[in-house]
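Engineer: Sequences are here, hints too, so could you generate the full structure?
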Amino acid sequence: NAGVTQTPKFQVLKTGQSMTLQCAQDMNHNSMYWYRQDPGMGLRLIYYSASEGTTDKGEVPNGYNVSRLNKREFSLRLESAAPSQTSVYFCASRGDRGGWKPQHFGDGTRLSIL
Amino acid sequence: AQSVSQHNHHVILSEAASLELGCNYSYGGTVNLFWYVQYPGQHLQLLLKYFSGDPLVKGIKGFEAEFIKSKFSFNLRKPSVQWSDTAEYFCAVVGSQGNLIFGKGTKLSVKP
Chain V
1 NAGVTQTPKF QVLKTGQSMT LQCAQDMNHN SMYWYRQDPG MGLRLIYYSA SEGTTDKGEV
61 PNGYNVSRLN KREFSLRLES AAPSQTSVYF CASRGDRGGW KPQHFGDGTR LSIL
Chain U
115 AQSVSQHNHH VILSEAASLE LGCNYSYGGT VNLFWYVQYP GQHLQLLLKY FSGDPLVKGI
175 KGFEAEFIKS KFSFNLRKPS VQWSDTAEYF CAVVGSQGNL IFGKGTKLSV KP
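Just so you know, the protein sequences line up as chains V and U, in that order.
Each residue of the first sequence is one higher than the one before, counting from 1 in the numbering used here.
Each residue of the second sequence is one higher than the one before, counting from 115 in the numbering used here.
There is no bait here: all hints are sound.
Quick list of simulated restraints, FRET-style, between CB atoms: (1) Leu69/V / Gly136/U: 34 to 44 Å; (2) Pro83/V / Pro169/U: 42 to 52 Å; (3) Ser112/V / Pro169/U: 41 to 51 Å.
In short, the hints are calculated from the structure, not lab data.
We treat Cβ as the ideally placed atom computed from N, Cα and C, and that holds for glycine.
Structural biologist: Dropping the structure here:
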């Protein structure tokens with residue numbers, strides 16, 4: 001019963017490198033989200049996907065792209081990493097049948113960009 | 115746009131002290147409110163939620179929160195904190211896309 005799985009857990013990149021953060025959920029949820037967490041800022045929404053094949057920008061989408069590969073997987077890509085993207089990234093999913101359901105979070109990916 | 119304000123950035127308490135963390139939200143319509151906790155190095159865990167009904171909501175680990183519509187508040191309380199409650203606490207409201215809009219968080223440090 002894994003819930004939401006994120007890989008990798010830690011990553012160090014050099015400025016300009018590219019990277020894809022992976023997220024998969026096994027709860028058959030339609031909605032998936034990517035957040036970043038920075039000290040004193042709380043969590044901010046980067047992108048979300050309300051269903052397979054759809055994606056939309058959140059509060060802080062610049063510098064990121066996403067792919068909803070199938071219902072289970074929602075990846076976040078940094079095409080050219082910048083030091084400002086050093087953060088902890090959380091993926092979340094949410095079921096939406098039978099009323100509103102709370103989000104389930106992954107364990108996070110700590111990303112450092114030098 | 116909806117927003118959430120948490121007024122305390124860092125709270126330091128001794129064990130057995132009472133806790134109240136403030137949370138105010140901006141939206142005047144129907145709101146779904148949450149408190150999440152993040153222990154050091156871990157992901158967010160849901161403490162409690164309010165959708166409707168009794169404005170006093172009880173959550174896990176002895177936490178409770180009171181929804182006061184007239185004050186746009188959803189403060190988190192615990193009568194007696196323990197060292198193991200040391201964590202960061204986030205208040206959140208559901209956004210228009212089903213996402214969560216978080217406050218900036220309150221770090222709680224409990225001295226043994």
